[in-house]
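Please take these sequences and the hints and turn them into a complete structure.
Residue numbers (numbering that gives the first Met the number 0), protein chains in the order written: chain A, 0 to 260; chain B, 0 to 312.
Hints should not be assumed to be uniformly reliable.
[Said to hold, decoys possible] With a Cα cut of at most 20 Å, we get these calculated EDC-like pairs of lysine to aspartate or glutamate:
| # | chain 1 | residue 1 | chain 2 | residue 2 |
| --- | --- | --- | --- | --- |
| 1 | A | K259 | A | D168 |
| 2 | A | K189 | A | D179 |
| 3 | A | K246 | B | E81 |
| 4 | B | K120 | B | E91 |
| 5 | A | K71 | A | E134 |
| 6 | A | K246 | B | E91 |
Just so you know, these hints were derived from the structure itself, not from any lab.
Now for the letters of each chain:
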Amino acid sequence: MSEYQENSVVQSNDRVTDSLYRLTLHAPRIAERAQPGQFVMAACGQSLDPLLRRPFSIHQASATGTLQLLVKVIGRGTRLLSSVRPGDIVNLIGPLGRGFSRPKESPVCLVGGGIGIAPLVFFAQRFLHQPPPSEDCVVLLGSRTGNEILQLAAEFIDLGCLVLTATDDGSHGHHGLVTDLLPPYLSQIKKVYVCGPTAMMSAVAGICHDATVPCEASLEAHMACGLGACLGCTIHGADGSYKHVCKQGPVFNAEEIAWKR
Amino acid sequence: METLNSIATIPLAVTIGPLQLANPVMTASGTFGYASEFSNLVDLDRLGALVVKGISLEPRSGNPPPRIVETACGMLNAIGLENVGLERFITEKMPFLRTCQSRVIVNILGDSIEEYAILAKELSGVAGIDGLEINISCPNVKKGGVAFGTVPAMAAAVTQAVKNVTELPVIVKLSPNVTDIVAMAQAVETSGADAVSLINTLIGMAIDVQTRKPRLANIIGGLSGPAIKPVALRMVWQVASAVSIPVIGIGGIGTAEDAIEFLLAGATAVQVGTANFYNPSATEQILAGIDLYLRQQGETSVQAIIGSLRLGA
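Below, the structure is given as structure tokens:
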């Protein structure tokens with residue numbers, strides 16, 4: 000596995016909602032090798048404050064060298080990154096980490112919450128038949144409010160997936176948790192792939208465990224380097240060991256993680 | 000081109016006691032893994048030395064998360080000295096390190112003087128290791144957990160014990176969390192240290208005001224990055240003025256200008272730490288920048304600027 004440090008050129012920065020932006024970058028070396036579930040470390044701004052790069056899962060990557068990141072504005076680093084304009088340079092290191100495994104059987108279920116939906120689009124594009132029969136891929140998307148997921152839901156539908164949504168405010172789809180949508184489908188599903196808030200992934204992992212359906216989860220952690228050097232991105236493993244999100248993940252078999260602590 | 004190259008070459012070699020380095024740019028322990036982590040991003044044959052992650056006798060799993068938090072122009076870490084331990088270091092990490100043309104310096108840490116001595120002795124027999132750096136910012140378990148690096152006599156005793164069992168050059172890495180870092184440097188110099196490197200991280204803390212909890216599970220952690228550079232530079236200048244062994248400057252170095260400041264203050268070499276995280280190209284950029292600076296200043300070697308700080312009118 001090879002990673003690169005690359006000065007990517009911003010091609011477009013599309014505002015999805017007030018706090019969600021989709022960056023399209025020209026980063027040919029990283030895009031060419033990127034696999035679904037892998038991430039990049041992106042420099043935010045040109046100064047020493049904020050100091051560290053921010054990890055972003057790869058939202059889409061094409062053979063023509065474009066790479067997309069979905070940036071949710073959380074703090075100063077993501078605010079800086081969300082304000083880039085076409086022609087600006089964003090320094091990236093990637094592709095990093097272990098991504099999702101390619102599904103061996105269908106149907107599969109993708110469960111995404113909020114910004115965690117980002118890598119699942121890449122997954123569906125790269126790993127599913129183009130387009131898959133809708134019964135081959137069930138996509139469950141959750142967010143606070145509908146406008147955060149409308150566009151992303153449409154993209155999964157265009158890819159041929161069966162899409163169900165859940166929102167906290169009831170503005171789109173099911174009024175409640177996205178995890179409520181999973182059990183009715185689970186008996187037919189061969190594998191679940193989840194990315195989202197920890198509480199949501201923990202719930203999905205629990206549901207899958209009880210139903211003995213394999214589940215892969217993409218985790219997030221603060222990290223300084225993304226390369227396995229700082230050892231800062233530690234999480235608790237189910238076996239009592241520490242695991243490092245950057246190298247051993249970010250995608251883990253859900254059974255490897257100590258969800259309840 | 001040949002003529003141009005011969006004109007262009009400025010000697011960058013420096014000497015750390017008995018250790019010859021091709022140039023004064025090293026990586027700082029704990030920020031560069033075991034070097035292989037950076038093999039796709041950094042030319043590992045061109046640096047003065049690679050200082051690898053601190054090694055203990057037995058593997059250590061480190062502290063619970065969260066272990067790092069970003070602060071203004073810096074970061075706090077409480078990794079807890081996670082490392083693979085001596086045996087796995089020798090069998091799993093050294094084969095790759097032996098393929099690097101850069102010098103390899105192994106940082107060692109222990110809970111007792113005996114552990115440091117065993118580590119030094121074992122590593123002395125391993126091919127491909129060019130020097131040892133003693134991390135004395137560890138608690139001395141047998142002395143009630145007081146850090147070796149805060150009591151001059153204890154730092155001296157560790158240095159002596161290591162020197163007694165190894166022919167390798169020995170660098171002692173000093174903690175800034177002391178009343179008088181000069182006294183620490185003098186104590187280890189007297190005990191035979193070939194060089195001192197400074198500074199290790201400054202102990203700090205950060206709190207999440209919403210949850211009212213510390214941002215690190217360990218509550219406190221080590222501050223590194225550009226934020227600490229002025230403190231590090233001051234300490235390097237004070238120590239370099241007071242000891243006759245070489246001083247290696249560490250602390251917030253991310254650019255050639257940063258590195259040159261340390262060289263002017265009296266450091267014979269520098270270690271680049273946190274910058275490796277946010278800019279893996281930092282060491283190579285610093286090397287190129289030192290070369291350019293020497294050219295612009297009309298200097299004929301890097302040696303010429305070491306300790307050349309101008310004081311007075």
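Here is how each hint holds up against the structure:
1. K259(A) with D168(A): violated (27 Å)
2. K189(A) with D179(A): holds (18 Å)
3. K246(A) with E81(B): Holds, at about 15 Å.
4. K120(B) with E91(B): holds (19 Å)
5. K71(A) with E134(A): violated (31 Å)
6. K246(A) with E91(B): OK: K246(A) and E91(B) at ~17 Å, within 20 Å.
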